[in-house]
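> The primary structure of each chain is shown beneath.
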Amino acid sequence: MSRLGKLLAGWTFRTATPTFEPGEAITAYVSERNGDGLTVRIGDSVIRVEDGEDAAVEDKIRLEVTSFDATNHVGTGEVVEVLGPDA
Amino acid sequence: MPEEPDIELSFRGGRLVSALPIALFIAWAIFQSGILGIGDTTGLVAGMLTGLIAGLLFVRGDWKDYADVIFAGMTRRVAATAVVAWLWAGMFAETIQVGGFVDGLVWAATVLNVGPGLFPAVTFLLAALLATGIGTGYGTAIAFTSLVFPAGLLLGANPVLLFGAILSGAVFGDNLAPVSDTTIVSAVTQDADIGGVVASRVKYAVVAAALAIAAYLVAGFGIPGVWGGMPHIDVAGEVSASVSPWGLVHLLDIALVIVLAVRGRHIIEAVSWGLLLAAAFNVALGAANLVDVSAGSMLLFSAPQNGLTQAVEALPLLGAVVETVPAGQVGVGGSVYSGAAGFFPLIVLTLLLVAGAEIMRAGGGFDAIQELVIDRVATTVRRAETTMVVGTALVNATVTINTAAEIAIAPYIATLGKRFNINGYRRANILDANTSALGYIFPWGGGLLAGYGAMQGLVGGEATPWFTAEMLVNPASVFPYVFHGWFLVAVFLFAAWTGYGREYVSDRTSEEVSRV
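Listed in order, the protein sequences are those of chains A and B.
Every letter in the first sequence is one number past the one before it in numbering that gives the first Met the number 0, and letter 60, counting from 1, is 59.
Every letter in the second sequence is one number past the one before it in numbering that gives the first Met the number 0, and letter 60, counting from 1, is 59.
Mixed in with the good hints, there may be bad ones.
Only part of the chain B face toward chain A is listed, based on derived beta-carbon distances under 10 Å [said to hold, decoys possible]:
#, residue
1, GLY194
2, GLU370
3, ARG375
4, THR379
5, PHE419
6, TYR424
7, VAL504
Just so you know, these hints were derived from the structure itself, not from any lab.
We treat Cβ as the ideally placed atom computed from N, Cα and C, and that holds for glycine.
Given the sequences, and given the hints that come with them, work out the whole structure.
Below is the structure:
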């Protein structure tokens, strides 16, 4: 990103509940781990990942959104790659 | 030296008891400076020593471990950095001051028609500029209190407002400067690149600064110059007799320090060069009779009268810094001496404070607070961000040396922020803004005390003979006037609630951290 781009990024009021489209690939930290699955909170939106592979809490992962309900701000996703805690 | 393993301490009464030394110190500081109105830094040293001894009584097991933790805290690099900055900046500021720099500023302000009403707002802008350039808010607070503060008083500006404006400028620079230690800590601990962090925090800093300028203008013209019986009329009379533009040549050695610092030279190196140039200017100005200054103003051995000392006094060169005096007045003096000596109590206090913070870490006090906060309070992204703002504020209230406070809270900000996928830039900004602001607001904050220490150095100073102990601004009375600090905290509370400037990890990935 250019210097000007960096300076101008984020001058907005960002929602607490961002929405995602099915098929969208995003990078995020794992918020919680329960059983086999993972919970990824992006603000107050929640994406559930059923097969969490070996990702731990605070690991950064690449995931693909498989479904998203914009009314309740919940969705599902699949892990594409586990980038690890220092990524 | 190899890194020693961290010692863990166990306290009777639980982990929070490890906060006792610092808690007792804060209570002491509030009692001494807030209630009794005594701004004596050495008194605070006694408070911190008492706190450290009180904490010892609650340690389970070997007391030697407690002692080792005190040593570990005192030898941390952050403490040494502050000590070095104070000693060098102190010598430099005092040397410029004896060279007539204050007179030069008063002359310039008179010529440019900057009156007492406008002076605080202008001071805020200039202090912000200097602090952003050199990256040390403490250094700025020290330099401006030594140099610009007396000039403002001579022009009739309100002293409390003026001191607040200087501290506000220091906050701005500490927050925004790429070379500021707090900026670097905030970026590195939140996995974000320094350039990106600085660019992303402009949107908060300018909003707060615009509000602060407006507030200084309103207060500057609204609050009369004569405050609480301070003898300003007498002081203003000093102007016409002594004012001369020649002290402004010291802008060159200040510029030299800034240029060297911005180009990445070590502070010891940058300030030493500035000091040498300032000394050369002083000798030249004194020799040309343009300013009443000499080598003896910078370093003077006042020796008892006897045959040997009188022979030394008569020598060329060496004799310029030696004088013989009656037995009762023997001592060493001059700007190099008094500039450094003015910080001795503050240096001791800083070392003890960092030791107190280390005990809180080793005793699990920080961990206890973190668990309470993450599990019970931060349940939504708004509440998480608000908790980050308030939590950083609370830690800064206890640790008081802002870089040390920032290092202590940084892991919790990272954990809490990552749980809601708050972007590294945003986390770094929340962390640094409050750390920068509050160290200059709390009466026991390191930045405020740094400026106050410099103000104490003005009492009976060689360049400010008119400045008396009654003119000192009580540290407990300045906090409402550190406008930029307050607005910065307010902007972040607003931002946490409304989402202004919020970015998620999925929005934008921060670039590689250029680790130092």
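> If a hint holds in the structure, say so; if it does not, say that too.
Hints and how they fare:
At its closest, the beta carbon of GLY194 of chain B sits 7 Å from a beta carbon of chain A; the interface hint therefore holds under the 10 Å criterion. Against a cut-off of 10 Å between C-beta atoms, the interface hint on GLU370 of chain B is violated, since the closest Cβ of chain A lies about 15 Å away. Violation of the interface hint for ARG375 of chain B is found here, the shortest Cβ-Cβ separation to chain A being roughly 16 Å, above the 10 Å cut-off. Here the hint on THR379 of chain B is kept, as its CB sits about 5 Å from the closest CB of chain A, short of 10 Å.
The interface hint given for PHE419 of chain B holds, since its Cβ lies 5 Å from the closest Cβ of chain A, which is under the 10 Å cut-off. Restraint check, TYR424 of chain B versus chain A: the minimum CB separation of about 8 Å is within 10 Å; hint holds. Below 10 Å, beta-carbon pairs count as interface contacts, and VAL504 of chain B has one with chain A at about 5 Å; its hint therefore holds.
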